[in-house]
Amino acid sequence: MLPVPPSPASFVNPVRAGIAALSLLVVAAGGYAFHEHNVAKRQVEQNAATASDLNATRDQVNALTARLDAMSAEQAAAKLSQPATLVYRRPLTAASSRHRIDDPRWKKFQGQMDDQAKQIDATRQDLASARTDLEGSIATSKEREENRRLSTALP
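Residue 4 is where the sequence shown starts when you use the numbering used here, and the numbers rise one by one after that.
Keep in mind that the hints were calculated from the coordinates and are not lab data. Where hints are given, some of them may not hold.
No farther apart than 30 Å at their CA atoms in a straight line, the calculated lysine-lysine pairs in the DSS-like style are these [what the hints assert, rightly or not]:
hint	residue 1	residue 2
1	121	111
2	145	44
3	145	82
Label-pair distances were calculated between CB atoms; the ranges are [said to hold, decoys possible]:
hint	residue 1	residue 2	range
4	139	37	28 to 38 Å
5	75	110	56 to 66 Å
6	154	66	16 to 26 Å
7	96	66	35 to 45 Å
8	117	95	18 to 28 Å
9	56	32	45 to 55 Å
10	110	82	15 to 25 Å
11	122	45	16 to 26 Å
12	66	118	46 to 56 Å
Just so you know, these numbers come straight off a predicted model, no measurement behind them. No residue lacks a Cβ here, since even glycine has one placed at the ideal position from N, Cα and C.
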């Protein structure tokens with residue numbers, strides 16, 4: 004008995020198989036390109052948000068620095084406005100026993116100095132906390148950026 008030749012319909016046409024494989028490859032590449040476009044778009048948005056956060060923090064630090072400079076200028080002006088050193092004049096009468104008299108102006112001056120010292124300390128603490136917050140936000144931003152890079156690098 005002679006073998007029966009197979010019918011042409013039973014063979015997969017190699018051209019059709021190639022076209023199907025090529026079209027599948029094009030669809031997969033298009034899907035991957037769309038995915039990468041979305042990832043890049045999210046990255047740009049996150050970078051913009053991080054930049055605005057850093058700018059806001061930088062503005063806060065600048066505001067605190069300006070406050071500290073203003074307070075320093077006020078203190079310098081107060082020092083300059085004080086009268087020059089008084090010339091000592093010998094008393095006309097002999098001094099017997101002197102009693103220390105609490106001058107209310109001296110108490111007022113001491114109170115002002117204490118208030119200024121408290122304001123300077125508060126400003127220094129504000130500046131230190133802002134610096135710590137800025138360093139923390141920068142570190143957090145860098146960690147987020149590194150995590151995003153790692154997550155996008157993995158398949």
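To see whether the hints hold, each was checked on the structure:
| no. | hint | result |
| --- | --- | --- |
| 1 | 121 x 111 | holds, 15 Å |
| 2 | 145 x 44 | holds, 19 Å |
| 3 | 145 x 82 | violated, 45 Å |
| 4 | 139 x 37: 28 to 38 Å | holds, 36 Å |
| 5 | 75 x 110: 56 to 66 Å | violated, 25 Å |
| 6 | 154 x 66: 16 to 26 Å | violated, 36 Å |
| 7 | 96 x 66: 35 to 45 Å | violated, 58 Å |
| 8 | 117 x 95: 18 to 28 Å | violated, 37 Å |
| 9 | 56 x 32: 45 to 55 Å | violated, 36 Å |
| 10 | 110 x 82: 15 to 25 Å | holds, 20 Å |
| 11 | 122 x 45: 16 to 26 Å | violated, 45 Å |
| 12 | 66 x 118: 46 to 56 Å | violated, 21 Å |
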